[in-house]
Amino acid sequence: MSNMMASIYNIRMLDELAEKSTVIHNIHPLMKVLTTCLYLVAIVSFNKYELSGLLPLLFYPIIVITLADLPLVPLLKRMLIVFPFIIGIGLFNPLFDRIPMVVLPWIQISGGWISFLSILLKGVLTISAALLLIATTGMTRIAAVLDMLKIPKIFILQLLLTYRYITVLIEEVGHTLRAYSLRSRRERGISFSDWGSLTGHLLVRTLDRAQRVYHSMCCRGFTGEYNAGSGTRIRTVDILYFIGWGLYFILVRYFNIPATIGSLITGVVR
Amino acid sequence: MHMADALISPVVGGAMWAVTAGVAAYSIKKVQNDLDEQKIPLMGVMGAFVFAAQMINFTIPATGSSGHIGGGLLLAALLGPYAGFLAMASILVIQALFFADGGLLALGCNIFNLGFFTCFIAYPLIYQRIMRKGYSTGRIFAGSMLSAIIGLQLGAFSVVLETFFSGKSELPLGTFLMLMQPIHLAIGVVEGLVTVAVLGFIWQARPEIIEKVALGEALGRISIKKILAGLAIVAMITGGIFSWFASANPDGLEWSMFNTSGKEELEAPAGIHQTLAAIQEKVAFLPDYSFKSQSETNTIVNETQGNWPVVDAGTSVSGLVGGVMTLMLAGMTGCCIYWLKKRSKADSI
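Protein sequence lines correspond, in order, to chains A and B.
Count the first sequence with this note's numbering and you get residues 1 to 270, in order.
Count the second sequence with this note's numbering and you get residues 1001 to 1349, in order.
Hint data in this document are derived by calculation from the structure and do not stem from the laboratory.
Given the structure is predicted, the values throughout are model-derived calculations rather than measurements.
You can trust all of the hints, since none of them are fake.
Computed list of lysine-lysine pairs in DSS-like fashion (alpha-carbon distance at most 27 Å, straight line):
1. B/K1341 <-> A/K77
2. B/K1212 <-> B/K1133
3. A/K153 <-> B/K1212
4. A/K150 <-> B/K1029
5. B/K1029 <-> B/K1212
6. A/K20 <-> B/K1342
7. A/K20 <-> B/K1341
8. A/K77 <-> B/K1342
9. A/K20 <-> A/K77
10. B/K1029 <-> A/K153
11. B/K1345 <-> A/K20
Given only the sequences and the hints, what does the whole structure look like? Please build it.
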């Protein structure tokens, strides 16, 4: 039950955040999608032992979060929920890769730990990229971008309908599960004998609902097309936003800024 | 078994995006040809149903634990393979965007692992063949169980291969397989049992829903040969393009040379190097903080032991110091923007 409420809350929160009007929100969605793609490619293209070179990429989420007025805590919470899988796979690195790699005067760190930390950092950056995109753009505008990119309308319509009905169906499943839990003895889940009937009933109701949805769409003139309205024009500032970040990502990718700063300070030039 | 962006390389992510886009384009074409518009809301609402149904915890008898469904096979069985694949893709897109469950770059991998194997391998080759003689409770059981297990085994195998070829995880192929396949056998059994229970119920309560799909009505029969041929072509093209790209930019796929830092300075032309060195002499507030002698001994020790890559204390320290400085700078930038915005807001009031 609690995870259902959390899901609905999460979707609604991101929906509401996307409706804000800030500098970032007003950037054309296509440019935001392209910037996010470039950002992701830049992150994952770093080799597996890279750590310091990745750090300047933190500027992107920090600047976007502050400029877009996004709350930090819910986004961090979301990140933590996804982290166990990344940690689960990454934690094997220190076990299998024990060659010392970083030698400081007081400690030696193995390559496995470096690559593990690199995976964690990449995780933070990539997860924040996806969340920031949706929190500043919203599903409808992303669908408009897909339309601009000539993705077939049938897929976009299907995606939007799925998205629209998720909250409705989660609520319905939530009600059913609450009713079930009130009538069962401290069961943690659905007992084996009820697997088919409970889920099956939900499914039958869903199919009937799909029929009603279709009829009401027909009543409102549905002809198989989804009209998202005319898209906004791309302004110069939108293009500059993309080019600016793009150049920064390329610079960070090919030039290790922290290492340069570090060597300037410590004077270690060879 | 959603893959995360942090664990894949751009080459694997890009190639899987291309392959998945190919399968999706083919599915869309088939759906457009065969589907009446009535089915579009059905696909949407069914996608939402599976999304919600994934949150139901099913108590597994005699174990005390619980599991949930993936739903790929259920979608294929109720919508047919093409519409089922597209519905699964929508679910994964929404999960990646709103729940950060599986990254955007790994989306191609995830759609392929969870959608392709169930809808285009397990469903037509196992499920449909078993159901050829007509539906019965026994056949629904055999077909769903086998398809769910094999679909998930193939999906898990694909996760292992994609992770292995990305080269971010140190897990040896064999160990990873030994971890993933048995776990997904158990998950497959649960998935199969839930699918059996649901399809069995629907078969008794509303048989026409299942019969419609069985007749291939409005959804068309699947041509696995066409799919595989198309897939092979896409794989060859993307393989060619990406291997060219990878050889031009070796960082992506290469199993790693360690270069926490210092690489650019070494490769930089003499002019830049000298200017940097000159600036350094003026700026460095820890000028003699070099570990050169120590690093040399370490390097020798490592070479004699056959260890690799090269270890260098100097670059380690400068990387660390530079990293901390960058972090502080990033934090300060955030604080500055926040402060400036707050001030401008206060001014406007």
